[in-house]
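Protein chains in written order, with the working numbering: chain A, 1 to 241; chain B, 1 to 241; chain C, 1 to 241; chain D, 1 to 241.
Worth flagging that the hints you see were computed from the coordinates, not collected in a lab. The structure displayed is predicted, hence computed values, not measured ones. Worth double-checking, as some hints may not be accurate.
Note that identical chains are pooled: a pair holds if it fits in a single copy or bridges any two copies.
Here are the simulated lysine-lysine pairs, DSSO-like style, with alpha carbons at most 30 Å apart [claimed, not checked]:
hint	residue 1	residue 2
1	K102	K238
2	K235	K102
3	K102	K60
4	K60	K238
Protein chains: 4
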Amino acid sequence: MNILIYNEFFHEQDPNERAHAVYPNGMHNAIADFLREDQELHVRTVTLANVEEITEDVLKQTDVIIWWGHCCHDDVPDAVAERVQEAVLNGMGAIFLHSAHKSKPFMRLMGTSCSLTWRESDDMERIWVTAPYHPIAAGLDRCFEIPADETYGEPFGIPTPDETVFIGWFTGGEVFRSGCTWQRGWGRVFYFQPGHETYPIFFDPNVQTVIRNAVRWASPVRRTADCMDCPCLPKAHKGTL
Amino acid sequence: MNILIYNEFFHEQDPNERAHAVYPNGMHNAIADFLREDQELHVRTVTLANVEEITEDVLKQTDVIIWWGHCCHDDVPDAVAERVQEAVLNGMGAIFLHSAHKSKPFMRLMGTSCSLTWRESDDMERIWVTAPYHPIAAGLDRCFEIPADETYGEPFGIPTPDETVFIGWFTGGEVFRSGCTWQRGWGRVFYFQPGHETYPIFFDPNVQTVIRNAVRWASPVRRTADCMDCPCLPKAHKGTL
Amino acid sequence: MNILIYNEFFHEQDPNERAHAVYPNGMHNAIADFLREDQELHVRTVTLANVEEITEDVLKQTDVIIWWGHCCHDDVPDAVAERVQEAVLNGMGAIFLHSAHKSKPFMRLMGTSCSLTWRESDDMERIWVTAPYHPIAAGLDRCFEIPADETYGEPFGIPTPDETVFIGWFTGGEVFRSGCTWQRGWGRVFYFQPGHETYPIFFDPNVQTVIRNAVRWASPVRRTADCMDCPCLPKAHKGTL
Amino acid sequence: MNILIYNEFFHEQDPNERAHAVYPNGMHNAIADFLREDQELHVRTVTLANVEEITEDVLKQTDVIIWWGHCCHDDVPDAVAERVQEAVLNGMGAIFLHSAHKSKPFMRLMGTSCSLTWRESDDMERIWVTAPYHPIAAGLDRCFEIPADETYGEPFGIPTPDETVFIGWFTGGEVFRSGCTWQRGWGRVFYFQPGHETYPIFFDPNVQTVIRNAVRWASPVRRTADCMDCPCLPKAHKGTL
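Excised from the complex, chain A in its bound form (with noise of 0.2 Å):
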């Protein structure tokens, strides 16, 4: 199987940042690196310097993309994210991290707002699994807790998920839909809300097991070649899709 992870790299370049501290060599190498212990996977990173490296040769070959971005969101060219999108229906499994909600190839997938509000103030946050038979959510208690990360509330300006597999509770006050699934095409898509840069959130057990599952969850099933084409068939074709 192999794992594309993009993450901008902003935060965690500046010594001043706290994000430096936390991810030294980055999120995305924090997230490479315990998704290698498993053998069968075969992990590749790009940030935003190198973001022309997601080629339409590159997302054929990958079978889960897991995406990280900010505050970099708009210097994704938009031919980079409509080949993400493209890729996605055509089969390609994707998992949005965090601040991703906002990202261009998730907003394309959902077509909506993807709006939230926030607030960054440590609150503590108590995921619940609100769907237990579903994948992602294999190996885990019945909540767990991250110390300290950024908080989102609702209203989450989402398509009705397929399934909501966790819903977050925050010390200031706040519920979030925090683990959501949706086919859109051949594709399966995951987001999940925890991971602000400033805190070691990717080093957590609980949040690696469900990235993990997650990878294998997305993972596709079948993919088609071009979903985007509109055949024009002879009456009652049983062609091969």
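Position chains B, C and D relative to chain A; hints supplied.
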């Protein structure tokens, strides 16, 4: 519009119960009182003592039923539960309050366990609007608070709701999908979690707004005479539904 | 209620096209004519020639937009498509007819390929009501027939609809989800498949009933000023939505 | 994997019935035969005569149950239907075939009328894949044909499916959502419409592919011991689910 309120009316009749002090005339009358302020609503109440008044004829004339039950679920005859279920499938609206999540009609309509976790510890509940566009949320702010409520926690054993209108946050640390809608047959179903018998929750203006909105929303657009029928029809039969 | 009808008005202006004979004044005027029979509806039309009239201000005053496009999808400026998408997310209703499945605003709202298969072979289409309780199906029989229509076939590359109101059956052997609804942000979206430019489909009484019903159903209950906003809010902020 | 096939085995035992000629050993054995070609599947069958063999213990060891019933629905004891329902809610997969739409376990899991229209007129059915990405559709072409089948027509009185995998087209003019999935509790449910007792449908390679795929898809990822339980839990209790 004809509204029928069912309340088992058990806790409130026990002079040693807190419920007696809060609702001396029963929760059904508390709800009926504020609904009757709307001149367009004709409100009737029924309790466990006369539950057999919920006849097929009465249900046919009922636009929306409101149901509160808790420790007497099993005393509701199966035939009554079946009549309510079929009336909903034929188009009647239904609003299930609080502990009615384990009532016979609700469980029949959902087909699932309707289980949850719970605790009586005077938690404050803050209810967030997650579907601000929904008619049931009209007139509400971003969130409203119930000063003290029984705590309900996830996972809630329901089919994925058509829409999750509210999610509740409890001081004790839980979250709950506190307002959910489902289309069932020709009828609309709304579950609303607040309403424990020992708190004056049905006197709360926001709770009253929700129930008033839900009554309007659940009121049938169209009804059918017998949705259980499986007719044998000629080819491409265009008859009326 | 303010209704805005967009039609690219291309085929109908070509005197050699069958569309010219069927709709000499354009499909937008055919639709406007029957909607104007309802005195409560104020109907305005716009074509590709003056598509820039679809301004933010106009959209703010529009309750429901109706969209017909086919071979000029690409000529609609991205900025117009984005304005329409955002207006829907802010609460405006939208009805997409026939080949508008590949229009920019619809594709943006869906986030998917919106692909399908097609054929022009004068198939008769029989449209079945699959959600008889739905307001959009009010006044219809079990099914109704379009004597000749372009054939559209599955798979239709859309997100799972909130409700599938109609499924079409074609003499040539295809099926199609011909009437689908989605909530997107604060707005309601309806896709309706009949309406090829070479057939007098918009003069059909059943088609007119569907569009009239859909206009009522899609009309906003509540709107928001700017759903794209992601506000930073203090703890448990109760402000208005 | 343990598969349990229930078939009422009524029509096939009557020497004057067409079903006897097509399935002299019963449909359950026809289905068991092709499933047993997969060495990983341990297949057991049960008929109405020994329906009480469907005990709680047997269900706990069953990964997926397959159910065929028609004119003997009422003879299945309520206790058996309840056991099957609860086993699904606890995680067992369930596949309901053809006229099992009115079986007790299916109706309990759906909560709706499960009604439809029908006709026996030897219609050919063409089944279209509407969710080509779905594991249940793996290995199928765009559509496949059942040379003769009982006709089922919409509206089908079910809750909106999580996914509509197939839609059927009948020569007589009807359409039907012929393959539908629902998550119910911890279990997965699939309804598949073909399979009238008088046609050799369970010998059809495409039908066998669908059932084989569905068995894999419905097989539980995780199970729970007793999803009906409503535990009283301390604040933010993190115990295992």
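Review point. Checking K102 and K238: alpha-carbon separation at most 30 Å within a copy, between copies, both or neither?
Key: Result: close only across copies, 24 Å inter versus 40 Å intra.
**Study point:** Intra- versus inter-subunit Cα pairing at 30 Å for K60 with K238
**Key:** Intra 26 Å, inter 41 Å, cutoff 30 Å: intra-copy only.
Review point. With identical chains treated as interchangeable, where does the CA-CA distance between K235 and K102 reach 30 Å or less: within a copy, between copies, both, or neither?
Key: The answer is between: 22 Å across copies meets 30 Å, while 43 Å in one copy does not.
Point to revise | Alpha-carbon proximity between K102 and K60, which holds within one copy, between copies, both or neither at 30 Å | key: The answer is both: 24 Å in one copy and 24 Å across copies each meet 30 Å.
Of the numbered hints stated above, none is contradicted by the structure.
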